[in-house]
Amino acid sequence: MLASLRADLAMARRGYARYAAYPGAALAGIFTNTVFGFMRAFILLALYQQRANIGGYDASAAVTYVWVGQALLMTVFMWGWLDIAVRIRTGDIATDLVRPIHPLRAALGFDLGRAAYHIVFRGIPPFVVGMAFFPVRLPSEIAVWIAFLVSLVLAVVVSFFFRVLYNVVGFWTTDVRGTMMLGGIIANLFSGFLIPVSFFPDWLAAIARATPFPSIVQTPIDIFVGTVSGPAIVGALVTQIAWAIALGLAARWTFDLGVRRLVVQGG
Amino acid sequence: MTMALIEVEGLRKDFTVTRKTGVLRRARAVVHAVDGLTFSVERGEIVGYIGPNGAGKSTTVKMLTGILVPTAGRISVGGLVPTDRRTELARRIGVLFGQRVQLWWDLPLIESFELLRHMYRVGADRYRENLATFRELLELDPFLGTPVRQLSLGQRVRGELTAAMLHDPEILFLDEPTIGLDIVAKQRVREFLLRANREHGVTVLLTTHDLADIERLARRILIIDHGRLIYDGELEALKRRFGPRRVLVVDLVEPAPPLRVDGGEVVRTDGPRQWIAFDGDRITAAALIAAVTAVAAVRDLTLEEPEIESVVREIYAGRARPEAGPIRGS
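Note that the protein sequences, when read in sequence, are chains P and E. If you're matching positions, the first sequence starts at -15 in our numbering and goes up one per residue. If you're matching positions, the second sequence starts at 1037 in our numbering and goes up one per residue.
Careful, some of the hints might be misleading.
Using C-beta positions, here's what the derived DEER-type ranges look like [what the hints assert, rightly or not]: (1) P:D67 / E:G1058: 31 to 39 angstroms; (2) E:H1068 / P:G75: 44 to 52 angstroms; (3) P:G168 / E:E1270: 57 to 65 angstroms; (4) P:G64 / E:G1058: 36 to 44 angstroms; (5) P:T157 / E:E1340: 53 to 61 angstroms; (6) P:L(-14) / E:E1341: 27 to 35 angstroms; (7) E:A1168 / P:I225: 38 to 46 angstroms; (8) E:G1072 / P:Q249: 17 to 25 angstroms; (9) E:I1219 / P:V112: 53 to 61 angstroms; (10) E:R1171 / P:L133: 36 to 44 angstroms.
List time: in silico SDA-like cross-link candidates among lysine to any residue, alpha-carbon distance up to 20 angstroms [what the hints assert, rightly or not]: (11) E:K1056 / P:W156; (12) E:K1222 / E:E1175; (13) E:K1275 / E:P1294; (14) E:K1275 / E:E1290; (15) E:K1056 / P:T157; (16) E:K1275 / E:P1088.
Some chain E residues close to chain P (C-beta under 7 angstroms, calculated; not the full set) [unchecked claim]: (17) F1051; (18) V1053; (19) K1056; (20) T1057; (21) V1105; (22) L1143; (23) E1147; (24) M1155.
If you're looking for bench data, these hints aren't it; they were derived computationally from the structure. Glycine included, every Cβ here is placed at the ideal spot set by N, Cα and C.
My request is simple: use the sequences and hints to build the entire structure.
Structural data, given as structure tokens:
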């Protein structure tokens, strides 16, 4: 048990180090995230000139939502992640299969390390800039900060399994990009990344809430902003855990199915 | 009856290949990549596994390591059926795929080793000991801190070998371990493998295109062609059996017409130099030399041994192929 935890930690550390090896990319990314943060915040503030409250968010909550969203964008990394698909295409997946641990377990360890790097180097800097220019609100209670961090880790896990699902398509077709784009569009909309799900008309919000995507973005942001508070936080976290388990099982099952296809038919 | 470390019986792998023949039409063809292999490898052997491109070498290695399911036949590696117990087997074997990178591209080499150490749960002491050995034998120190993407091919292969062996595997499956390496690097890798085999009894099965690998490393070779085993035996026996005739090269004091000696035949002349081919089983080199010196004044002579390269080329070309079944060398 301890040894396997140490292995996870070792993988997380290297997942972090892999991204830390490219500081130039981080700098360019911070710039882009910040510029988009400004655009999104200005658009929302223009909206709030007309109304004081939309979907339970006042103007300050809305800009906070934007800047936390910008900070989480790379951390949860919903689209554009093709690590596993690339290994399937190149055949390097074969080397993952001759390891004594399940490839998804290793990849998840790596991904948590990557997320740690991204929250620190791609998340916090744009957020700090946002704080300087907009009425961003920070949680005042330590318990909320802790709940936010737990929710964030769960968000990364849910996101990871979602990404695995569009990556394993690579076992059956060489065109993973199309699937990823489609998944990205749906995830962008339903996760509440573009605008909070509660801004949607009721019927669309209901659809979004039936998907795992709000667990990837909306939930941690809502905890941070305070639109989900008190006992509701527990419910939100339980929902995230449920999605993590459900998508985790689906990811594992489809991955193993793909591997079985690969080992039976050959690469 | 005790089981060999690796046992393969009637192994077959068919691939279905679809080929476009029209807008919607596709032709399906079944390719027998491996077509009825039977062999076994005892603990502590180094076995060279050779054959032309597409002969089924890599396919066999994939089946032995459990990442490809056989169409038919039986495999046992260390008492396990590879595809059923792939993860369990993974702890006991080391695998190196020549064209695949198993090290982490963006990380310094040493970080990959650290990771593997945790994946395979290698104890701290054993890890330190093994790493120290590999650092010395493969001279890893100058690039231990370099990201893998910046390593030269030779450095990377040395890193890959270390990665494949950190957990003290009983069996090493090496698919083209020396491909693309320069002579010095090749030599280093070969010496390293010999030492692992001698000192730790590691069993090695290696595929290669480089017959010098075989000559330096393996006493026993398996030759496969079109998915079938066409030779299983000692390298020396193969040379004796299929080797082209040996050639005596003589430099005469003066140019002369082709010499006439019993048991030898001049196959080429170039000024005072003549190439005399002879059958080693019928006349000894010493007798031939005596016969030559009896008829001409000789300044110098050299003996050309049959190269395994040309032996194997002949076998591939079908000239030396037996009619049925693999040949078992003595």
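To see whether the hints hold, each was checked on the structure:
For the pair D67 (chain P) and G1058 (chain E), the supplied restraint of 31 to 39 angstroms holds, since their beta-carbon distance comes to about 37 angstroms. For H1068 (chain E) and G75 (chain P), the hinted distance range of 44 to 52 angstroms is not satisfied, since their beta carbons lie about 21 angstroms from each other. Remark: the range hint 57 to 65 angstroms for G168 (chain P) to E1270 (chain E) is upheld by a beta-carbon distance near 60 angstroms. At about 37 angstroms, the CB distance of G64 (chain P) to G1058 (chain E) agrees with the hint of 36 to 44 angstroms.
Distance hint check: the CB atoms of T157 (chain P) and E1340 (chain E) are about 55 angstroms apart, consistent with the given range 53 to 61 angstroms. Taking the beta carbon of each, L(-14) (chain P) and E1341 (chain E) are about 58 angstroms apart, not inside 27 to 35 angstroms as hinted. The supplied range of 38 to 46 angstroms is met by A1168 (chain E) and I225 (chain P), whose beta-carbon atoms lie about 45 angstroms from each other. Distance hint check for G1072 (chain E) and Q249 (chain P): the Cβ-Cβ separation is about 20 angstroms, which falls inside the suggested range of 17 to 25 angstroms.
Checked against the given bound of 53 to 61 angstroms, the beta carbons of I1219 (chain E) and V112 (chain P), roughly 56 angstroms apart, stay inside it. Between R1171 (chain E) and L133 (chain P) the CB atoms are about 40 angstroms apart, so this pair conforms to the stated range of 36 to 44 angstroms. For the suggested pair K1056 (chain E) and W156 (chain P), the alpha carbons sit about 18 angstroms apart, so the restraint of at most 20 angstroms is met. Distance check on the hinted pair: K1222 (chain E) and E1175 (chain E) sit about 13 angstroms apart at the alpha-carbon level, within 20 angstroms; holds.
At roughly 28 angstroms between alpha-carbon atoms, K1275 (chain E) and P1294 (chain E) are farther apart than 20 angstroms, so this suggested pair is violated. Between K1275 (chain E) and E1290 (chain E), the direct Cα distance comes to roughly 34 angstroms. Violation of the 20 angstroms bound is thereby established for this hinted pair. Pair hint K1056 (chain E) plus T157 (chain P) holds up; C-alpha atoms about 16 angstroms apart against a cutoff of 20 angstroms. Taken as a hint, the K1275 (chain E) and P1088 (chain E) pair is honoured in the structure, with Cα atoms around 18 angstroms apart against an allowance of 20 angstroms.
Using the Cβ-Cβ criterion of 7 angstroms, the hint placing F1051 (chain E) at the interface with chain P is satisfied: the shortest such distance is roughly 5 angstroms. Annotation: interface hint on V1053 (chain E) violated; nearest CB of chain P at approximately 10 angstroms, more than 7 angstroms. Against a cut-off of 7 angstroms between C-beta atoms, the interface hint on K1056 (chain E) is violated, since the closest Cβ of chain P lies about 15 angstroms away. Look at T1057 (chain E): its Cβ only gets to about 20 angstroms from chain P, farther than 7 angstroms, so that hint breaks.
Taking 7 angstroms as the C-beta contact cut-off toward chain P, the hint placing V1105 (chain E) at the interface holds, the least distance being around 5 angstroms. Residue-level restraint check for L1143 (chain E) holds (minimum Cβ-Cβ distance to chain P is 6 angstroms; threshold 7 angstroms). For E1147 (chain E), the shortest C-beta to C-beta distance to chain P is roughly 6 angstroms, which falls under 7 angstroms, so the interface hint holds. For M1155 (chain E), the interface hint holds, the least distance from its beta-carbon to any beta-carbon of chain P being 6 angstroms, beneath 7 angstroms.
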